[in-house]
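Protein chains: 2
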Amino acid sequence: MLPWKTLSRQTVYHHSKYLTVENHVVQLPDGRIFDQWNWMITPDYVNIAALTEDGRWVCFRQVKYGIEGESLAAVGGYLEPDEDPLEAAKRELVEETGYRADDWTYLGKYRVDASHGAGTGYFYLARGARDVGAQHSDDLEEQELLLLSRAEVEAALRAGEFKVLAWATIMALALLAEQKEIV
Amino acid sequence: MLPWKTLSRQTVYHHSKYLTVENHVVQLPDGRIFDQWNWMITPDYVNIAALTEDGRWVCFRQVKYGIEGESLAAVGGYLEPDEDPLEAAKRELVEETGYRADDWTYLGKYRVDASHGAGTGYFYLARGARDVGAQHSDDLEEQELLLLSRAEVEAALRAGEFKVLAWATIMALALLAEQKEIV
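In the order they appear, the protein sequences are chains A and B. For what it's worth, my numbering labels the leading residue of the first sequence as 1, then goes sequentially. For what it's worth, my numbering labels the leading residue of the second sequence as 1, then goes sequentially.
Please note that the accuracy of each hint is not assured.
Straight-line Cα separation of at most 20 Å, DMTMM-like style, residue types lysine to aspartate or glutamate; simulated pairs [to be verified]:
#1 A:Lys17 <-> A:Glu70
#2 B:Lys109 <-> A:Glu70
#3 A:Lys5 <-> B:Glu22
#4 A:Lys17 <-> B:Asp35
#5 A:Lys5 <-> B:Asp44
#6 A:Lys5 <-> A:Glu22
#7 A:Lys17 <-> B:Glu22
#8 A:Lys109 <-> B:Glu53
#9 B:Lys17 <-> B:Asp44
Just a sample of chain A residues kept apart from chain B, beta carbon distances all over 10 Å, derived [as the list claims (entries may be wrong)]:
#10 Thr52
#11 Arg56
#12 Val63
#13 Lys64
#14 His136
Rather than coming from a laboratory, the hints here were simulated on the basis of the structure. Since we're looking at a predicted model, the values are computed, not measured. The beta carbon of each residue, even a glycine, is placed where N, CA and C say it ideally should be.
This is chain A alone, in the form it adopts within the complex:
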């Protein structure tokens, strides 16, 4: 299967470091050309499923501007400019939760919008997380730290209580990574 080609790209709107919109002229493998293809540039980010030494998952309950009511949430945040995703994940875990971990497993990178960009999420499983008392979150939102059992995370995923795509993804992939021997 052949990739589509970008024939040209032009910035058509710039809001802030959180959003730039480009228009692309793209060519399909069969030769057809689309001259109005929107492309969103938003920051890349990390999410972390952190598992404590006694087998509990470090999560939040929080509110966010884009969701109705409270949601369960995974640890995560935007990459700083030129920051390595794994380093960002380690930084976000300690900043947001005060936990540190030494055993990190990469769970993949995922494009947010298959056709129109909108950044990439890098996902990690951090095993052996322990509270080192170094929390200093700069998040704007109220949030409550939770330590959930595997059964609680599974039940919450089934009930749709992780209301944001990336949070459901990271927790479901982490549960899957942790059950290799069972299935």
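Go by the hints and put chain B onto chain A.
Just chain B, lined up with the frame of chain A:
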């Protein structure tokens, strides 16, 4: 926990039915005001994890403009205006794959960007899918229909072969929904 308030909203860029950008003035529960909050309006969509009567998962291998190389993909597509998400899911399954199913389970709705909108994905598990020969996809991309075993889907998820956030989410949640009795 208190929600943030939208004090005003203004359209600042309109590309097409696929993207409108608004600027919001928002107020935090503590009274602080942000007057440059970007909000993306993009179409809502459905994704479907369809399981055939003989226990295989209906997926694709395809290319998309926003991802590098080929990816495994879940069935899905945009909602039509005012379309019910379940009806859209049933429509997309038959249009894209030629399969129909009678047993539908809702796996939740998920905001794409927790803080800045970008649509909502509605996810479904369709059990008992069977080929009724009615495929008539209008997708622009080349795609190859695949019937994968549970073990193949798990291995692909672990290897990051579903390269788009929504596709990894729907497949991971569907595997989780199908293993209730095991864990």
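Hints and how they fare:
1. Distance hint between lysine 17 of chain A and glutamate 70 of chain A is unfulfilled; the C-alpha atoms sit about 27 Å from each other, more than 20 Å.
2. Only pairs whose Cα atoms come within 20 Å are accepted, and lysine 109 of chain B paired with glutamate 70 of chain A is accepted, the gap being roughly 14 Å.
3. Distance check on the hinted pair: lysine 5 of chain A and glutamate 22 of chain B sit about 29 Å apart at the alpha-carbon level, beyond 20 Å; violated.
4. Our distance criterion of 20 Å between C-alpha atoms is met by lysine 17 of chain A and aspartate 35 of chain B, whose separation comes to about 15 Å.
5. Proposed proximity of lysine 5 of chain A and aspartate 44 of chain B is contradicted: the alpha carbons are some 26 Å apart, above 20 Å.
6. Taking the CA atoms of lysine 5 of chain A and glutamate 22 of chain A, the gap is near 15 Å; set against the 20 Å cutoff, the hint holds.
7. Among the hinted pairs, lysine 17 of chain A with glutamate 22 of chain B is consistent with the structure: their alpha-carbon atoms are about 15 Å apart, no more than 20 Å.
8. About 32 Å separates the Cα atoms of lysine 109 of chain A and glutamate 53 of chain B, which puts this hinted pair outside 20 Å; it is violated.
9. The suggested pairing of lysine 17 of chain B with aspartate 44 of chain B holds, with an alpha-carbon distance near 11 Å, which does not exceed 20 Å.
10. Every Cβ of chain B is farther than 10 Å from the Cβ of threonine 52 of chain A; the closest lies at roughly 19 Å, confirming the non-interface assignment.
11. A cut-off of 10 Å between C-beta atoms confirms that arginine 56 of chain A is not in contact with chain B; the least separation is 16 Å.
12. For valine 63 of chain A, the requirement that its beta carbon stay farther than 10 Å from each beta carbon of chain B is not met, with the minimum near 5 Å.
13. Not every CB of chain B is more than 10 Å from the CB of lysine 64 of chain A (nearest about 4 Å), against its label as outside the interface.
14. Remark: the non-interface label on histidine 136 of chain A is consistent with the geometry, its nearest Cβ contact in chain B lying 18 Å away (cut-off 10 Å).
This entry does not satisfy hints 1, 3, 5, 8, 12 and 13, going by the numbered hints stated previously.
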